[in-house]
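Trainee: Model the full assembly from the supplied sequences, consistent with the hints where possible.
Chain order of the listed sequences is Y and U. Just so it is clear: in the first sequence, position 152 is 152 by the numbering used here, and no numbers are missing. Just so it is clear: in the second sequence, position 494 is 494 by the numbering used here, and no numbers are missing.
Do not rely on the hints blindly, as some may be mistaken.
Stated by the list, open to error - Stretch-level coverage of chain Y by chain U, calculated; a stretch enters the list once three of its residues show a Cβ under 8 Å from a Cβ in chain U: (1) 3 to 16; (2) 81 to 93; (3) 102 to 109.
Claimed, not checked - The following residues of chain U were derived to be distant from chain Y, with all beta-carbon distances above 12 Å: (4) Ala25; (5) Gln41; (6) Thr61; (7) Glu83; (8) Ala119; (9) Glu170; (10) Gly172; (11) Tyr175; (12) Pro286; (13) Gly394.
As the list claims (entries may be wrong) - Examples of chain U residues toward chain Y, derived with CB under 7 Å: (14) Leu68; (15) Val244; (16) Ala248; (17) Ala253; (18) Ala256; (19) Arg257; (20) His272.
These are calculated hints, taken from the structure and not from any lab test. Just so it is clear, CB atoms sit at the ideal spot from N, CA and C, and this is done for glycine as well.
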Amino acid sequence: MMLARVADSLYWIGRHLERAEHISRISTVMLNATLDRADLAAQAAQLALAALGDAEPERAVLPVDSARALVLDRENEGSVVTSLASARENARQVRDQITTEVWERLNLLYLRVTDAKAKRAFNVDAPGFLHGVIADLHLVTGAADATMSHGEGWRFMQAGVHIERAKLIAHLLKVRFNQTPAPILDDHLALVCLLRMACALEPYLRVYTADVTARHILEFLLFNEDFPRSIRFSTARIEEHLNHLARGRGGQGAEPARLAGRLNARLAFAVVEDVEATGADVLLTTVDRECSAIDQTLYDTFIAYPLESRLPA
Amino acid sequence: MSGIKATRDTNKRSGRLEGYSLGAAYDEMFSPDGATRPNYQLLRERIRTLSREELADRQQTLERSFLLQGITFTVYGAESATEQIIPTDLFPRIIAAPDWAKIESGLTQRLLALNLFLADIYGAQSILSDGVVPRDLVLGAPSYRRQMQHLFVPHSAYVNVCGSDLIRGEDGDFYVLEDNLRVPSGVSYMLANREASRRTFPGTFRQAGVRGVERYPDLLLATLKSMAGDRRGNPQVVVLTPGVHNSAYYEHAYLARLMGVPLVEGRDLAVHDNRVFMRTTDGVRPVDVIYRRVDDDFVDPLIFRRDSSLGVAGLFNAYRSGHVAICNAPGTGIADDKAVYAYVPAIIRYYLGEDTILPNVETFLCREPTQLDHVLANLDKFVVKAVGASGGYGMLVGPHASAEERAEFALALKADPENYIAQPTIQLSTAPCLVDGRMEPRHVDLRPFILSGEKVVVTPGALTRVALKRGSLVVNSSQGGGSKDTWVLADGDAQLAETTL
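Mentor: Printed below as a string of structure tokens:
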């Protein structure tokens with residue numbers, strides 16, 4: 001039992017943190033690609049921007065400027081700095097509900113990216129700056145895992161992390177696996193790029209060796225049960241957390257758990273051959289849409305329910 | 001002002017104390033002949049061993065720890081809101097055991113009397129009938145809440161949390177400058193300063209025998225629970241905050257966290273059938289005690305200000321019907337009214353039959369014609385304050401005002417004398433602070449925190465506020481004030497008693 005507003009804030013802390021990490025990583029891959037030939041760098045930048053829902057091709061010509069905007073632009077609602085500011089603002093509102101360890105890590109990271117010196121640090125060594133941001137994010141999530149009670153509040157936060165993650169990975173995969181993919185200069189490089197953006201290169205190689213194929217990547221990022229950035233992994237966590245949240249509430253909370261169970265079953269019982277036959281983007285769109293539905297039901301059930309229905313007679 | 005230089009001190013090696021000029025004010029660390037007072041002896045010796053760089057390092061570490069913890073207040077600028085830390089000084093202010101004993105008994109006496117006064121003016125009103133306090137002064141004040149009349153308050157504890165402002169005068173005695181009985185804040189700084197200063201001077205802290213303040217949160221919780229009466233075995237306590245944009249938000253969250261109770265906003269609460277509920281993930285849950293950190297005016301839009309969205313509609317009726325406790329009770333503001341303040345010694349005598357232990361600052365009520373004449377004749381020596389105002393509005397600081405300003409103010413004063421009081425300008429005591437790497441005297445006040453529920457408890461510690469500008473007497477954080485930790489020393493016996501607790 002916790003305040004509804006607090007649960008909502010914790011959920012959004014999870015989502016914002018996940019988003020900040022994802023954008024930081026995608027920006028890193030984009031910047032590293034600038035070390036390659038100009039046309040290949042542009043290809044990587046295009047992939048990256050498309051994965052974040054920004055399809056303007058002219059921006060891909062200036063990957064460093066694009067990355068700076070993605071990371072440090074406070075006007076941009078989806079940038080790393082706004083995501084971290086939102087996460088911290090939410091954390092401040094539930095300061096009594098998160099541990100000091102989590103708060104201090106998150107606050108430190110916020111101070112780092114909003115510092116007057118942040119722009120200069122980024123201009124001097126952007127990959128180094130982003131590497132630091134991602135490492136700091138791991139300290140935040142690590143502190144949450146290690147110091148917070150793994151009770152209701154933590155589960156709301158985790159549900160936020162995995163709903164956001166499943167959506168982001170689905171968007172990423174869609175860029176390569178839709179019906180009419182954009183022309184690709186070098187498919188091998190594009191696929192490796194894709195794996196890096198999902199932080200999946202090393203774990204992929206361990207499963208499939210250096211044989212990088214589109215089908216294996218699709219299979220790995222959709223269905224792998226153990227890799228924490230596969231969609232299957234996230235849907236399993238979402239189901240697990242929502243099942244816990246529904247426990248002991250006599251029917252309240254059953255709907256979010258039902259939707260999460262259905263989504264997880266879709267991934268648990270599918271095989272890559274079927275997905276390829278119908279086109280991956282059908283499943284990816286379903287994942288995105290059902291994650292949004294879970295988000296809405298969660299809100300309606302636990303946070304913004306009509307008061308009249310719950311008052312004592 | 002002819003200051004006495006403290007260089008006659010035995011320490012000739014350290015140049016830092018040169019230039020620590022003692023003024024007319026009482027100095028907490030040095031006696032007028034430049035000798036270190038006994039309560040500061042240990043700290044003084046420790047500071048002597050530290051270089052200028054070491055002191056600067058410690059100061060920086062201290063400020064950084066506040067920033068990292070997010071102990072900040074929000075400053076709203078033209079373009080964006082920025083968070084700043086309240087400047088914190090490195091050197092603790094140290095209070096000797098006998099001084100504290102007097103403060104403790106004085107504050108206890110004062111709060112007991114003020115609670116009895118509130119119970120009386122919202123009840124039988126005998127103090128008004130007996131003519132000890134003028135009836136119109138109380139009933140005519142906007143801070144008197146008619147809605148509170150004949151309402152049962154457990155233990156007659158209207159004021160559960162009090163943060164009185166004390167000052168030490170030139171004579172070395174402590175005076176009460178103001179009783180803060182509404183929603184006093186600053187206790188989180190007391191606790192955070194202590195956390196920090198323990199680490200800044202760990203050895204000295206241990207040796208000096210400093211009394212602990214760490215139990216404040218659980219004592220506060222016990223006080224709040226005692227206000228639930230016998231309604232429920234384990235009452236649900238919440239802290240009600242105006243929200244994250246309030247300048248004291250950090251404190252609200254801090255206290256809720258340390259007490260382990262929910263921090264709620266008005267929108268989290270609802271009143272149904274005169275009972276208060278909070279909206280949880282598991283449906284609504286009853287609330288028994290509300291430690292509210294919103295002003296009276298905003299508690300309930302149905303009863304007080306209609307435009308308030310910070311409170312809860314129907315809350316006051318739930319309170320009235322005894323289903324919920326609000327702490328502090330609404331309507332306590334009348335007892336820290338600037339005009340009622342002048343009557344506190346009489347109030348103490350009336351209810352307790354005792355002499356006042358901690359005196360007031362001399363106060364002239366302009367509503368009395370003879371006192372008004374005296375004030376008008378000596379306007380250049382007085383601080384004149386409007387009774388209903390706070391935050392420095394409607395105030396004349398006589399010695400610093402021009403003849404024109406005084407003449408203009410005299411007109412306002414004559415037009416509405418009831419609205420003004422006057423006090424002589426007081427030299428607040430000074431304490432050593434680290435300024436630009438040197439130890440310099442700065443004026444300080446003292447805000448101890450007193451809890452009152454089933455019983456009255458004075459926490460042995462306080463917030464010491466510092467006027468950081470040289471010579472300034474203004475300690476408010478909104479006007480460039482800072483704070484420092486306050487060490488209350490145990491005498492030998494008390495120390496023993498506490499360690500065996």
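Trainee: Each hint should be assessed against the structure and marked as holding or not.
Mentor: Status of each hint after checking the structure:
1. 3 to 16: holds (count 5)
2. 81 to 93: holds (count 3)
3. 102 to 109: holds (count 4)
4. Ala25: With a cut-off of 12 Å, U:Ala25 remains clear of chain Y, as the shortest Cβ separation is near 38 Å.
5. Gln41: holds, 35 Å
6. Thr61: holds, 15 Å
7. Glu83: violated, 10 Å
8. Ala119: holds, 33 Å
9. Glu170: holds, 42 Å
10. Gly172: The claim stands: U:Gly172 keeps its Cβ more than 12 Å from every Cβ of chain Y (closest is about 40 Å).
11. Tyr175: Its Cβ never comes within 12 Å of chain Y, the nearest being 37 Å, so this holds.
12. Pro286: violated, 9 Å
13. Gly394: holds, 35 Å
14. Leu68: holds, 5 Å
15. Val244: holds, 5 Å
16. Ala248: violated, 13 Å
17. Ala253: Hint holds; U:Ala253 Cβ to chain Y Cβ min 4 Å, cut 7 Å.
18. Ala256: Cβ of U:Ala256 sits 4 Å from chain Y, so the hint holds.
19. Arg257: holds, 4 Å
20. His272: Hint on U:His272: holds, closest Cβ of chain Y at ~5 Å, below 7 Å.
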